[in-house]
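Residues per chain, in single letters:
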Amino acid sequence: MQEHIKKKKESQARQIWRRFKKNKIAMAALVVLAIIVLAALTADLFWDYQADACDINIPMRLQKPSKEHWLGTDEMGRDMLCRIVYGARASLTVGIFATTFALIIGGALGAVCGYYGGRLDNIIMRCTDVLLSIPGLLLAIAIMSAFKPNIFYISLALGISYISKFTRIVRSAVLTVREQEFIEAARAIGAKDRTIIFKHVLMNCMAPIFVQYALAIGSRILSVSTLSYIGMGIQSPTPDWGNMLSGARAFIVGRPYLVLGPGIALLLTISAFNLIGDGLRDAMDPRLKK
Amino acid sequence: MIPVTIAVIFIVFLIMHLTPGDPVALLLGADATPELIAETREALGINDPFFVQFGRYLLNLCKGDFGISWYTGNPVSERLFSAIPYTVKLSLGAMLVAILISVPLGVIASVKRNTIADYVISVFAMIGVSAPTFWVGIMLMLLFSLNLRLLPSAFDGSFASYILPTVTQGFNMLASIVRTQRSSMLEVLSSDYIRTARAKGVSNFSATYKHALRNAVLPSITVAGLDFSLLVGGSVAIETVFAIPGVGRLMIDNIKLHDTPTVIGCMVFVSVMVSIINLLVDILYGLVDPRIKAQYLRENKNAGTHKKEKRESGASDLETV
Amino acid sequence: MGINTNLMLEIKDLVVEYRTEDEIVQAVNDITLWIEKGKSLGLVGETGAGKTTTALSILNLLPETTGFIKHGTITLDGDPIIRMDEKGNSVAAMDDSDMQKVRGKKVAMIFQDPMTALNPIFTVGYQIAESVKLHQKCSSQEAEKRAEEMLELVGIPAGRKDDYPHQFSGGMKQRVVIAMALACNPSLLIADEPTTALDVTVQAQVLEMIKDLREKFGTSVLMITHDLGIIAEMCDEVSVMYAGSIVEHGNLEDIFDKTRHPYTQGLFNSLPNINNRMSRLKPIRGLTPDPANLPMGCAFADRCDYVTERCRFEKPVKKWLSDSHFVACHLYEDGKDESKL
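Residue numbers (the numbering used here), protein chains in the order written: chain A, 1436 to 1725; chain B, 9 to 329; chain C, 1186 to 1526.
Just to be clear, a hint being listed does not mean it is correct.
[What the hints assert, rightly or not] Where chain C lies over chain B, by a calculated footprint (3+ residues, C-beta under 8 Å):
| id | region |
| --- | --- |
| 1 | 146 to 160 |
| 2 | 192 to 202 |
[To be verified] Far from chain B by the CB rule (all over 10 Å, computed), these chain A residues:
| id | residue |
| --- | --- |
| 3 | Trp1452 |
| 4 | Ala1478 |
| 5 | Gln1498 |
| 6 | His1504 |
| 7 | Ala1546 |
| 8 | Asp1556 |
| 9 | Asp1564 |
| 10 | Tyr1664 |
| 11 | Arg1684 |
| 12 | Ser1706 |
| 13 | Leu1710 |
Derived from the structure by calculation, the hints contain no laboratory data. C-beta atoms are modelled at their ideal positions from N, C-alpha and C, and glycine is treated no differently.
This is chain A alone, in the form it adopts within the complex (with noise of 0.2 Å):
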């Protein structure tokens, strides 16, 4: 009995990865984001950083598609293809950046929550509360204000909008896993509450981390792309999804091509990962699919 018990706690996992392979269109999300992370990090074997995607070259501006420029050449004379393989970088780079700033502090700070309880939870909470009455761009805005416009930076300010989410994932199931019966059981026997707490919270707030991990990224990537595009985020020359927008905006008349570009570039990334997301949440949670 306890052996099967144990057998079955073990292929968990397993099996969640089997439920999300039959999900054709989340691994369809997972190919998509494979190849743009692939791209991401091989483009230095077709182009220059520097040269290619940076560098001012007017005589070579607004070129239409060739055989040279795919997708044809920017309002400074930058190879298209070129800036968006680039810009993934930046836009990855960004999303991962803030959605783990987000988890870890926003992950402790639920832990702290929900074990304490008490005054300590109401104060925090109450702090997640406004936090989340600010909407997040605009909090995102106006740090950016106070610091320079890097990597680093932005992703601090993007994250910190993100942080009451997970403080409210992580409390939730701290309170849940606190209030469950086998807790009591395992008290009553003389096991050290604080370990398994641990364990449990870590074992039960593991799905909906992770579901939301992914959501985040995605959103987060929307949201610097937003900070880029009106000129509070990631700065030209280094080549953005947003920025390249901001760019482009001025020629859509004659050259719409070079809005599509970046912008199906965003499209392709953020839903891919709201629907590899959504997969995971699927395959977690199977009574939820209907």
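Dock chains B and C against the given chain A, drawing on the hints supplied.
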């Protein structure tokens, strides 16, 4: 609502305070004399300690005084009030568009689940959450204003010129409501009380549209309320794309100019507006759900906790911006 | 049994499956049961034995996307609800609109959990009146009048008809559910563990009420429960269900005094004995088998004290011990009707 607004002001004050560089020097330009700069600093009260400035601002705010713009020298309230109508019209319109389209779509998707209609709607919703609003705005403008020439591309405050920005912003919000509506509808449809209703002979149609829909619309109302804050945030980008002189635009421009009073004024307005919408959502919720109404009438402490639970459970997982 | 026109409900060879992405679960496995008019049948068994599934099949309310009737016939008062041929193709079945006329009017159901059985956004009066309006040609006022009567009947002041479900306690909600079920004088009442979610004192009240109403209106009852005490109190006949099959059936005397099947025996041994408080409980060892993976032979074999080699490889068939009593167990297949336990 008021404590939250004060907290918001505090945070923005703090951030602006931490901003490096001398805003006055920036304002007066390179050829300002040190004496002039010092004089202006004194006049603007920038030399006072942080908490003195903060307290003075709150006091003035109580009197309805938002301060004087450092950049134009006009009262901030004047600038703000000329921008507010645009943003309010835009966001309320977008919310209306989103709700009117997304609730029926969500219901269709749940009733016809796993059919072509369901898939098409979910793809549509996925594009809505995943596509940056500003890009959607550009694309719609390209299509409807520049190619089809159906709508004006320049914003002039006319009804026609509101259509594209409103739809763009509504599209972004639509997605999360569709998804919420679909899943809550599915949940309600498989609930015990729908089974009870069907067991007493209620037809499928009536079980779906009379018994289930009103229950299932509750989470959508919550999500719409929560997303309103995102929507206001997103208006910054929309107002930039369509060159609408709204609050978002005002804020961005003045952040770049280090015009602290104007920026804080914008933030105060946004947080008050978000609070008001959330209040309205709560009232609406009470109208639909007798349990909540009873709680308000009783005015006991539980009302607060219930509200919070409801938010936590109803919050959409997909956030944009 | 033969053909009996006096039957309110007859279920024959019913097989119900639940299909999920991962597996197929045989929830109901070839069961046959019947209820005579005005009588009440108790369906007893552990959680997961397929009792509720059987009840939902009668109303054709199995979860649309996952639950499927594979085989069998269900006949209600002579009208076929579902009839399938050997290959599992539907030969005759009521369509949706006919079914809607049956539900609530001919067959009403009381559900297990009163807390979730009522729609939170409608008043209880409305929910009862709706049922009346659906099945009887009458005005809204008349329907509402009827709702008030029904509330009084189940012991709730009619003045509370404008209250919402959240303003009632669990026991009161169950009364409302019962009022709703009985509003159209159904010929058959299915009560699916009507008291499981209630306090013991409230349980007694609710049972007493069902009993009274049954006597008053001559309703047939299918009482689903895992509580043998309720069966003794409420029913004329008992079917014992285990892992989707009926293992023993008889009248009260057959089941309580001439218990034959080892599982039924086990159920009795698991009850505390009020006359002999010193006697030890003897629980049935082990767990119900995984319904997705039923054993080849008798489903109870793993837990049975009398298990033989044959039990593991051959399904026991129904053996009639008397006119009213049958058992499905290899212990009795030699034809002698004497307890082996």
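Now for the hints, and whether the structure bears them out:
1. Counting residues of the region 146 to 160 of chain B whose CB falls under 8 Å from any CB of chain C gives 0; the rule of at least 3 is not met.
2. For a cut-off of 8 Å, the count of residues in the region 192 to 202 of chain B with a CB near a CB of chain C stands at 5, and the three-residue condition holds.
3. Once the 10 Å rule is applied to beta carbons, Trp1452 (chain A) is consistent with being away from chain B; the minimum gap is 21 Å.
4. Distance check for Ala1478 (chain A) against chain B: the nearest CB is about 22 Å away, which clears 10 Å, and the non-interface claim stands.
5. The Cβ of Gln1498 (chain A) sits about 20 Å from the closest Cβ of chain B, beyond the 10 Å cut-off, so the non-interface label holds.
6. For His1504 (chain A), the non-interface assignment is confirmed: its Cβ lies about 21 Å from the closest Cβ of chain B, beyond the 10 Å cut-off.
7. Every C-beta of chain B lies more than 10 Å from that of Ala1546 (chain A), the closest at about 17 Å, which supports listing it as non-interface.
8. At roughly 12 Å, the least C-beta separation between Asp1556 (chain A) and chain B is larger than 10 Å, which holds for a residue marked as non-interface.
9. At roughly 7 Å, the least C-beta separation between Asp1564 (chain A) and chain B is not larger than 10 Å, which violates its mark as non-interface.
10. Listed as outside the interface, Tyr1664 (chain A) is inconsistent with that label: its C-beta sits roughly 5 Å from the nearest C-beta of chain B, within the 10 Å cut-off.
11. The non-interface label for Arg1684 (chain A) is inconsistent with chain B: the shortest C-beta to C-beta separation is roughly 6 Å, within 10 Å.
12. The Cβ of Ser1706 (chain A) sits about 4 Å from the closest Cβ of chain B, inside the 10 Å cut-off, so the non-interface label is violated.
13. The non-interface label for Leu1710 (chain A) is inconsistent with chain B: the shortest C-beta to C-beta separation is roughly 7 Å, within 10 Å.
The structure fails hints 1, 9, 10, 11, 12 and 13 (numbered hints given earlier, in ascending order).
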